[in-house]
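**Q** One-letter residues, chain by chain:
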Amino acid sequence: MITLPVIDWTIVAQLLVVFGGATVLLLLDLAIPAGRKQVTAYLALLVVLGAAAVGVMHAGVSGATFGGTLRLDPFRTAVGLVCLAAAALSILLAVTFLGRHQIERGEFAVLVLFGVGGMLLLVQAADLVVMFLSLALLSITLYVLAGFALPEPRSEEAALKYLLTGAFATGFLVFGIALIYGATGSTTLATIAAAGPGLTGEYRLYAAAGLLLLVVGLGYKASLVPFHMWTPDVYDGAPTPVAAFMSVASKAAVLAALTHVLLVGFGELRALWAPILAVVAAATLLVGNIGALVQQNVKRMLAYSSIGQAGFLLFGPIAASDRGIDALVFYLAGYTAANLAAFAVLIALEARGETEWSMARLSGLWQRSPGLTLALALALLSLAGVPPTAGFIAKFAMLDAVWQAGYPALVVLGVVTSAIAAAYYLRVLLRAAGPAETDAPPMFGDWPLRLGMALAALAIVVLGLAPGWLLSFS
Amino acid sequence: MVTVIFIAIASLIIASAVLVVISREIVRAALWLIATFFAVGALYLLLEAEFIGVAQVLVYVGAVSILILFAIMLTRQHERHEPAWRAGPWWIALAGVIGLAAVLITTIGAVPWRLTDDDLPVSRAPQLGTALMREYLLPFQLAAIVLLVALIGAVVIAMEERRRRTPTLADDIAAQRGAADRAEDGTP
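Protein chains in written order, with numbering that gives the first Met the number 0: chain A, 0 to 473; chain B, 0 to 187.
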């Protein structure tokens, strides 16, 4: 007779809602006729909202279960809520997009649910094996979602590139975990941290090498330079709502996991990893923002801009302080809202069969749709960090955190690259405000898309004007 | 006695591994690879790790090798020439192999392995099963979800391809390759 371990149900409740909902929905979807797959998407939305409600209810809960491999604390709850919000908005943006592009299938919503479940697990994991498996779960979901527009060669290319490079990066992760296990005899972050000071000689070296391999594996998913090469191709080829989901939610989850590994598991080795990460953050900021500057394709530009934003996100773990963690949560929330709003505008302008998302298609947008232009302007100004949007507060909080931590060079670089970023964001806005250059492309304004866009735009403004409530939450 | 068996298994592993590399026919290389996997399974049995031994046979001999053979079968018609990896001079490869072996051997020699005469606690199937239901209950469940999602993903992609047969990336590459082959045949 095997006695199962005692499980703290308040900690796993949110995961149960997501995974249970996804599994039930997978079966329910069989009963939904082919033309009405929107129903599945709305049911998935309900599941996500239910999970978010559980998260809000357990906002103050702290604790661990499954032998300390799964943990809940305010930071994890907050990042989890960001992931859930990103999933909900992405489903809203995708509902009619899929039908319009004739790729509507019930599995889409189910896969998004499994993906966001993997992200929640990655955020809550306090153990390297759980982290690895949840990362595998979210990766597999994203590989399939990237190829969801399958007969489209670009989508197929995106999925294949992502799969091959992703599998390669996963190898680094596993080698890293194996080395750390070999050195410390454990995969649980708390035990690794406890074993840290006692490590000597080779064992210290193995742990350090394992940590660096782990950073490579996670850095790939967060598209940190030099592991960012896949990002523009995959975002460009994947269906736009998938690119939107990927660019925000998986980044949030991976950054949270990276923060836990660095600060909880290897806080003792900070003298080793902090300078390395500072260099990676600097390279990410420069490559992302300079790369975005030369793009003519809007989706590729957003991909490079998301690389640049990842550099800023890395300031959170580098600062290694409560201030840095708060700033990370806020930055993730603001970035999620802004990036989703920007992608929502692209979705509203994308008809079936468009292959290249040329910037010329945004020209003259102001005359045709002031509403869309307003959403685009809010999104891009927030990404650039212009007050009074959420992006300004987020960037300010991050710069403040790394300044306090003693990295003045990073502060300077952050400001300089933000100025570069402002240049290409404004270039898009000027195009949108200027005269039309091509035949007016069709516009789509169904209510789920409008609702998603409006919520994202609202979040940008609210977070920008009243940032206090979110910061007090984490 | 154990040493004799070990030497027999080890020489089997090395011999078949060498044959994987030097076989000129790719199917034969695959079959020798299967033999290598099998012998490694025997090595696990010798270490009294029955479960890993059986899993090795089931997973590597049973599944991975079938996958390799399928991959060869499905891609074979494209390669009429000698495989490109045979093109380089053999001594470069040999130097690389010797270098790698030197690194591995010195590393293994330098590490102070924590050897113990006691039986290791988890090695048999019952202990593994109990561990999966206790310490590793969460990873165990998670692995089930990962496999389910992989299955859904495979079905989504495979069914989609069948349903709407428009040119895919693979078709484009095949078409390009065909054109390139024709161009190559045309030149003197």
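Watch out, some of these pointers could steer you wrong.
Claimed, not checked - To list a few chain B residues with every Cβ distance to chain A over 12 angstroms, as calculated:
#	residue
1	Leu18
2	Ala48
3	Ile51
4	Gly61
5	Ile67
6	Leu73
7	Met132
8	Phe139
9	Leu141
10	Val154
11	Ile156
To be verified - A short, non-exhaustive set of chain A residues, derived as facing chain B with CB atoms under 8 angstroms:
#	residue
12	Leu69
13	Pro73
14	Glu103
15	Arg104
16	Leu110
17	Val129
18	Leu132
19	Ala135
20	Leu136
21	Thr140
22	Tyr142
23	Val143
24	Gly197
Hints were generated in silico from the structure; no laboratory data involved. Every residue, glycine too, gets a C-beta built ideally from N, C-alpha and C.
**Q** Next, verify each hint and record whether it holds.
**A** Cross-check of the supplied hints:
For B:Leu18, the non-interface assignment is confirmed: its Cβ lies about 26 angstroms from the closest Cβ of chain A, beyond the 12 angstroms cut-off. Consistency note on B:Ala48: stated as away from chain A, and its beta-carbon is indeed over 12 angstroms from all of that chain's, at 17 angstroms minimum. For B:Ile51, the condition that its CB be more than 12 angstroms from all CB atoms of chain A holds, with the nearest at approximately 16 angstroms. Every Cβ of chain A is farther than 12 angstroms from the Cβ of B:Gly61; the closest lies at roughly 21 angstroms, confirming the non-interface assignment.
Taking the minimum C-beta to C-beta distance to chain A, about 16 angstroms, the non-interface status of B:Ile67 holds against the 12 angstroms cut. A cut-off of 12 angstroms between C-beta atoms confirms that B:Leu73 is not in contact with chain A; the least separation is 16 angstroms. Remark: the non-interface label on B:Met132 conflicts with the geometry, its nearest Cβ contact in chain A lying 5 angstroms away (cut-off 12 angstroms). Residue placement check: B:Phe139 does not keep its beta carbon more than 12 angstroms from all beta carbons of chain A (closest about 9 angstroms).
Interface exclusion of B:Leu141 from chain A breaks down, the closest Cβ pair being 4 angstroms apart, not more than 12 angstroms. The claim that B:Val154 is not at the interface with chain A is violated, since a C-beta of that chain comes within 12 angstroms of its own (minimum 8 angstroms). Annotated as non-interface, B:Ile156 brings its C-beta within 12 angstroms of a C-beta of chain A; the closest such distance is 6 angstroms. The beta carbon of A:Leu69 comes within 6 angstroms of a beta carbon in chain B, closer than 8 angstroms, and the hint placing it at the interface holds.
For A:Pro73, the interface hint is violated, the least distance from its beta-carbon to any beta-carbon of chain B being 22 angstroms, above 8 angstroms. Below 8 angstroms, beta-carbon pairs count as interface contacts, and A:Glu103 has none with chain B, the closest being about 12 angstroms; its hint is therefore violated. About 7 angstroms separates the beta-carbon of A:Arg104 from the nearest beta-carbon of chain B, less than 8 angstroms, and the hint is met. The restraint placing A:Leu110 at the interface with chain B holds, with a minimum CB-CB distance near 7 angstroms, inside the 8 angstroms limit.
Interface hint status for A:Val129: upheld, as the beta-carbon distance to the closest one in chain B is roughly 6 angstroms, under 8 angstroms. Annotation: interface hint on A:Leu132 holds; nearest CB of chain B at approximately 4 angstroms, less than 8 angstroms. With its C-beta approaching chain B no nearer than about 5 angstroms, A:Ala135 sits inside the 8 angstroms limit, and its interface hint holds. At a threshold of 8 angstroms, the smallest CB-CB gap from A:Leu136 to chain B is about 5 angstroms, leaving the interface hint in force.
Of the supplied interface hints, the one on A:Thr140 holds, with its beta-carbon coming within about 6 angstroms of a beta-carbon of chain B, less than 8 angstroms. Among the interface hints, the one on A:Tyr142 holds; its C-beta lies about 7 angstroms from the nearest C-beta in chain B, closer than the 8 angstroms criterion. Because the closest C-beta pair between A:Val143 and chain B is about 4 angstroms apart, less than 8 angstroms, the hint holds. Hint status for A:Gly197 relative to chain B: violated, with the closest Cβ pair at about 14 angstroms, above 8 angstroms.
When the structure is compared with the earlier hints, violations turn up for hints 7, 8, 9, 10, 11, 13, 14 and 24 and for no others.
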